[in-house]
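Taken in sequence, the protein lines are chains A and B. Just so we're aligned, residue 1 is where the first sequence starts under this note's numbering, counting upward by one. Just so we're aligned, residue 402 is where the second sequence starts under this note's numbering, counting upward by one.
Calculated from the structure, these hints are not laboratory results. Since the structure is predicted, the reported quantities are computational estimates derived from the model, not experimental observations. C-beta atoms are modelled at their ideal positions from N, C-alpha and C, and glycine is treated no differently. Be a bit skeptical, because a hint or two may be false.
[Claimed, not checked] What follows is a list of derived Cβ distance ranges for each label pair:
1. A:Gly-226 x B:Val-550: 45 to 51 Å
2. A:Phe-317 x B:Asn-521: 39 to 45 Å
3. B:Val-550 x A:Phe-258: 34 to 40 Å
4. B:Leu-586 x A:His-206: 36 to 42 Å
5. A:Pro-63 x B:Pro-583: 47 to 53 Å
6. A:Lys-228 x B:Leu-428: 50 to 56 Å
7. B:Gln-460 x A:Ala-205: 31 to 37 Å
8. B:Asn-436 x A:Phe-258: 45 to 51 Å
9. B:Leu-428 x A:Phe-317: 19 to 25 Å
10. B:Leu-586 x A:Pro-63: 54 to 60 Å
11. A:Val-399 x B:Pro-601: 51 to 57 Å
12. A:Phe-317 x B:Pro-607: 31 to 37 Å
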Amino acid sequence: MTTTTIIRSNPAVTTKRVGIVAVVLAAIAWILPLPPILARTAVPSIVIGLIAATLGAAVLRDPKHRRLGGVAVGLGLIAIPLALAMTNQTSANVRTVFTWSALIASGLTFTTPLIFAALGGIISERSGVVNVGLEGMMLMGCFFGILGADVCNSWVLGMLIGMASGGLLGLVHAYFSLHLRANQVVSGIALNLLATGITGYFFVAHYGDNGSPGTLPEVPNVSLPGIKNITFIGDAIGNNTNLLTWVGLLLVPVVWWFLFRTRAGLRLRAIGEQPLAASTVGLKVISTRYAAVIVSGMLAALGGVYLADGFDGSFNFDMTDGRGFIALAAVIFGKWNPFGALAATLLFGFSSALAYSLQTFSTTLGTLFQALPYVLTLVAVAGLMGRSRPPAASGIPYVKE
Amino acid sequence: MSRLSRAGRALLVPLITVVIAFIVAGLVMLITGSNPLKIYAAIFNGTGLNWLFPWVTGQERTIAALDLQQTLVATAPLILTGLSVAFAFRAGLFNIGSQGQYTVGSVLAVWVATSLPHMNPVLHIILAIVLAALAGGAWAAIAGWLKAVAGTHEVISTIMLNWIAIWVATYLFQEDGPLQDPHALGNPVSKTIPSKVHLPVIWGNPNLQGLHIGIFIALGAAMTFWAIMNRSTLGYEVRAVGHNPDAARGAGINVARNYVVTMAICGVFAGLAAAVDVLGWQFLVSTNDVLGSQVGFLGIAVALLGRNTALGTVAAALLFGALETGTAADNINANVINPELAPQLTLIIEGLVVLLVSTDLIAIRILGLPKKLGWGRPEAGADLAEQLEPDDPSLDAAEALRPEPGR
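This is chain B alone, in the form it adopts within the complex (with noise of 0.2 Å):
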């Protein structure tokens, strides 16, 4: 297979499985007795993407560009959890911890924003972002060092570092927590970040949520994971390790030093998350927003849409940032769908996605189907087991589930 077929594949069939899960969820839709065109149509106006149509004008535009501004700022922690999420699979592992991570970064966010009052802002807001990322990956290494000394799954223990990390939060900033603010009088909040400390707005009105740089953040931390996998001895190690862990060691890598630092470096990216979210636009951390936030779990259906890859992710990052913006209660149309539907909605969507990207084989029958009809190019239905990739980095997900066999 040339390589520009192979490249053409690998987006025709992610975009197909969008495809497919958007016509299924449009059935359910259907079912329930609704009319799917206008419900997606409602939808893709509450995202605010019909600001890129020129003919859309006027307040609408106005609106749309406010639209479009939130699903950007929801775009960007999504990216940096995708993130976090892949780099462990493309080491064999599986974050499920990346919640754990976010809420770990939040809370070093906001306690060093709200701390230091006369501190250079610049600096102020280095220092947040650098402090939130390093305490994600702090947390997160506790895993990987679990897993390298004691051998403890990292599906356990991330699990467990989650649930921790959520409930000493919420102890932090419940009423008469630690870090509650004093003023808030019985209200489970944090103290609240001063403008100064707040990440640069660059387009909109920083008083209505306008975009703020963190997606630059995002875009950034997408290009340095490609650069750290793709042309550096470290995420050669990586790769390989997350390949085969035996002879990863035989050939001279340093396996447990391995899963130490490729787990500090997800949780890098799950702290940046957080500090993009706080920094941002939260400016504030809740009790709910701890234990309500989804951030971080949904980074594994961002990763896992986005086939591990930086730029994937960063796609499968936008379409959820999407759906989850055009389906809040507040931007969908209410005459159209119940807004309370809506987010149940979504939450299907993104179920149908994932599991379509589970496997390829839906979408290569129907590349396959021209051949069959007898008008395809000849190699689009060439035999199945072989169009099914080898080395497809999402294969390395089921291996994460698989510890190694001994040492």
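Just chain A, same shape as in the assembly (with noise of 0.2 Å):
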């Protein structure tokens, strides 16, 4: 091989710097037949892209950079038939699909349901309980909230009856996990049966065959008075963007400062990494363990109200729809950390907009386009992610000596 070639016999060149440069090489790839450059052939993205591929190749052979060979291979081979499409089609089509203000909009709606969960997730888990529930929680918060709104015709007092129904059922994973000392697992899978049963139950119990009402209070969307009339930004973020999508953003710092910048969050840190030496000092475990899990219930069925009572403005069975498991793998994906949750939330939540806005080049395809989402956080977990270590205590039941 050539580039191979090449890579061995110059030193300045190394590995690492021919991996990136293959990354960005892939990157211009992909970018040049979208908006706003809109190439109108694929040779130079088909050109380019094959470079890219062939440095990663190259870049593969090294064990210690083989993700980053692997990401650009991936990346530039994906840009080929992206080229393909994209100039296939009228660069009308391409600029309906690809309105990026748009993008961004949508992509903070597939985004905000997930942060919510994954925060909760996260605190969970970092005070050593997996929460397998999130689904489950989520999926409380979604009846609850519309429940709540239709009948204390608010959607304030929804809000608080999904949040508290969703930390009802992280008092019972508490409880089993912790008083029981149940395999938090098993306890997580059973809480999410039970949310589908409970909710289900009383959805048909309630609202019988009409549904939940059409009209309900519901979440507001909040429009930003100094960037409302911006280009761009006014159309992306300014305008139609609900209150809990700007929550569970700002909820992301809030989380990481009090997780590793407070006392409380060390000491609850502590707690998930070596409870029996926590519990030596006089931390308290046990309570602090069914804080957070509460907690991290209330948060997941924030993240439930948002979609049921903030998205869609209805409850239907089983909406949550996998999300609760989407965000258990941001989760993972994302280390334990906030941030890290966060980046990987919005991947999902991006392609998710992309697949359905996809649907405009063809409602044939626009179904196969869905699971864009998946593949890609598939190809990013495997790409960028390294063997993640979860807190040390994770899972483990606690037992005083």
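Hints in hand, dock the two standalone chains.
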């Protein structure tokens, strides 16, 4: 291979640098056919994509930089069909799909429920309790948020009731995990089933065939007076962004600050890493974990409230549709760090938005595009993430000596 | 503790668990103003298990037979997806991907069975089953391979692979999709499998969803599971990796290869489940089937209730299959409970069962009661901690969520 020889013969060319160049080239191959550049021929993207993939393949041989090489190969190769597809469409069509401001707005709506649940998952796992029940806790928030908003005729009360329902499920999880020393994975799976049943039961019993009412007090969208009228930014985040989206984004630094910059956060993490040692110095392992799991349930449920009462305006059976598990994946992908989880949920949210908007090209292929967020997440997880290490005591029942 | 009392406990604890779950669910019904005894009787009759009573005769017996056939038809795939999850748990892996593996298997099963019109029926059925199983295995192996080469957590990869499989399958069968029946006119379904490629029905009317041989495939798979796990080098290695990957590596076991093989076997079970469903009673796959199926996800609950053993999984699948059939809208007596409410009740009961399975303490405390009251066998009231058996395979479930601590 010529590229390999070049890498070997020139000491200034390190494998890492070649890898970075390859990734950048692949990114260029991606960007060329999209607005604002909107190249109308696929040739440059194909050439650049192939170069990126070849360089990436050379980098792959170095076991130290295998990930970088893999990402370059993957991105470079995907760029080719992408460019062919884009140049096959009219430029008006491509512009409709890649209206960046609209993509950002829609990406945020997909991200919001996930980030709440992921933050909940992080808090719970950092305290040492695995929470596979995020999905169920979200679903509780969906239904009881709607029910509360309907019965109390107020979205604020609906939101609080929804959060309380998730907190209640968290309490059950905590009781089983902490007092009954349950297997936490099993308990979490059970709560998911239970939540599906409970919400379905009350939904049928309360609303029957009519479904939840069409007009409910919904969590409002906010418009930011300062940036509302700025082009692009105004369209993306200035006008119709839901209140809960802002809350979710704001909670990311807040949770990070709490976990890594406050005394209580340090204690929480200590309890998740070394419960016995923490208990020796007088920290209350059990009550801290209770609090963490209940808060985790409330946060996940808040994501559910957004999904039902902020976004959809209605409840449907099992409407969380696996989002709790995506959030669980984001927790692991984000290495139990709020910002990492945010990155993961943003990746997922934006590719979901892209998948929906790609349906403009073809309704038949549109269904296939729905798989895009999952493919991208899988590529990203396999390519970018090293071996992850959870909090040391996460999942292990705590027995007081 | 003697071997016998251990075995007795292994049976008693899940039984007590299930009974408590039914009692708690009964309380829920009481609170919502229904009579739990009547509802449970209706569910029981809906499962067709009353067929086993000799005093049930005439018309009632005919209906019971039909219901029982359905229960067993529903049990077969649950056994298989349960085994698919249980096998992973024994290796310290958490296979949430059973649903995706099932989906890939159902695509292959329906595709093979609706192609090759001139093939010998027996060979055709075998080919469809084998390819569905292999497809499920290959799909699952991706997750094992990613874990082996890139350290990707199998919880993430199997969740993603689930949805990729589900959307690709939806694409294939949707209107104008590549595998849609061209004569279905806007109906998003695959071609219908010709009757010569149906699994033979051994009890009941083939036109009324009689019991097909899928249940024997499932039981055979359970025996294979047991044999691999307890009587083969592979099973030994799988369990060793499940207990402690580092120690296993130190002992010379190829852990990376083990992950791939383990996941592939899990996928084969899930693919078999799909073949049994598609060739046994569905005979076609619609996008609604793809998007709505829960067989793989229920497999997680089945495996957990069955404590990741072959026999336990079969028993748990029977319970879940019976519950699903007993509360199906067509089977339940609409005068006793709103047929739409019944499936929700099933989910609540299933959730409670699994929740109580998550801890032995409740059942153990109940087992310990006789001692406290002063009339039990002495060992039944022994120290609680001592009775939490350390080699309980279900403990691996929590381990599975924890990646191995570095190489």
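Kindly indicate which numbered hints from before are broken by the structure, ordering the numbers from low to high. Every hint satisfied by this model.
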